[in-house]
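Q: All letters in the sequence shown, in the order written, are residues 53 to 360 by my numbering.
In case anyone wonders, no lab produced these hints; they're calculated from the structure. Since we're looking at a predicted model, the values are computed, not measured. Any given hint could be a false lead.
To be verified - Lysine-lysine pairs mimicking DSS-like chemistry, simulated, CA-CA at most 30 Å apart: (1) 133 - 267; (2) 154 - 336; (3) 336 - 267; (4) 71 - 336; (5) 267 - 154; (6) 71 - 133; (7) 71 - 154; (8) 336 - 73; (9) 280 - 73; (10) 154 - 73; (11) 319 - 336; (12) 133 - 73; (13) 280 - 336; (14) 156 - 267; (15) 267 - 280; (16) 319 - 280; (17) 336 - 156; (18) 154 - 133; (19) 336 - 133; (20) 156 - 73; (21) 154 - 280; (22) 156 - 133.
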Amino acid sequence: MTSHNKENKAAVEQYSNSKGKILWQLTRPHTLTASFVPVLIGTVLAMFYGHVNVWMFLAMLFSCLWIQIATNLFNEYYDFKRGLDTEDSVGIGGAIVRHGMKPKTVLNLALISYGIALILGVYICANSSWWLALVGLVGMAIGYLYTGGPLPIAYTPFGELFSGLCMGAMFVLISFFIQTNTVTSESIFVSLPIAILVGAINLSNNIRDIEEDTKGGRRTLAILLGSKNAIRFLAALFGIAYIWTVALVVFFDISPWIFLVFLSAPKPIQAVQAFVRGELIAMKATAQTNTFFGFTLSIGLLIGYLVS
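All chains, please: the whole structure from these sequences, using the hints.
A: The following block contains the structure:
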């Protein structure tokens, strides 16, 4: 191979790697466990009620992931269109403002992601209940309206509530339903700490972005509370999630093996302390709280199932 050909090949590989990295960052990968964790918990909990269909689990998992990716892409597109994102903005994919990707390309990627989620959703409905189609379409609409539409949810104090209920509790309950064909009080109670922690990810993002969001005309919960009170509220949400775990064992006869979630306790402590010190790692630590809490809760439920 000539030197010229080698240089061309190296340039092509560098471009491909760079483009792949940009696309990967565009999905905001550090947030994606907000989809994976609820699906895992709902599926493990379903094991107490009978056989688990692996294909339905995988379909639900990837459908939720594509919905979240699409939501993140809509966020990237509409925040740019409204002039909120700049080259210096923290926590964004940056494909448009830093790497020159066309806004229409980002929007099309979001629509393609929804298309994939829709195909997976048809498979899920065909093997469970077509009523889920309505639930799924409402969820997809909320994903779009989070930053799209005339009054984006992200511009209001209700972002944490919508993200927590839709991407936390609802993902757990649908994952449970498609395996058991029912929703129980136990599944609802187990979903609540996950809803809280997914909402906490949203809150931590808004705490970090208070200054930029204020300039952009948003009225998020973090802005209304103020930075110090928002951090206190975040700490309270963490505390409620862990206390709720104790309540699940004491009042709802859930296996005490779920106390494994307390192994994840250093992460929320790190998140709160980092916010107090103004360190950017706070957002990452909040996302990791949801991840580690969810995984340890799933492991605890699984051990409880195996020893029961």
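Q: With reference to the structure, classify each hint as holding or not holding.
A: Each hint tested on the structure:
no., hint, result
1, 133 - 267, "holds, 15 Å"
2, 154 - 336, "holds, 28 Å"
3, 336 - 267, "holds, 24 Å"
4, 71 - 336, "holds, 24 Å"
5, 267 - 154, "holds, 25 Å"
6, 71 - 133, "holds, 22 Å"
7, 71 - 154, "holds, 13 Å"
8, 336 - 73, "holds, 19 Å"
9, 280 - 73, "violated, 35 Å"
10, 154 - 73, "holds, 16 Å"
11, 319 - 336, "holds, 9 Å"
12, 133 - 73, "holds, 23 Å"
13, 280 - 336, "holds, 19 Å"
14, 156 - 267, "holds, 25 Å"
15, 267 - 280, "holds, 19 Å"
16, 319 - 280, "holds, 19 Å"
17, 336 - 156, "holds, 29 Å"
18, 154 - 133, "holds, 11 Å"
19, 336 - 133, "holds, 26 Å"
20, 156 - 73, "holds, 19 Å"
21, 154 - 280, "violated, 38 Å"
22, 156 - 133, "holds, 10 Å"
The structure shown violates the earlier hints numbered 9 and 21.
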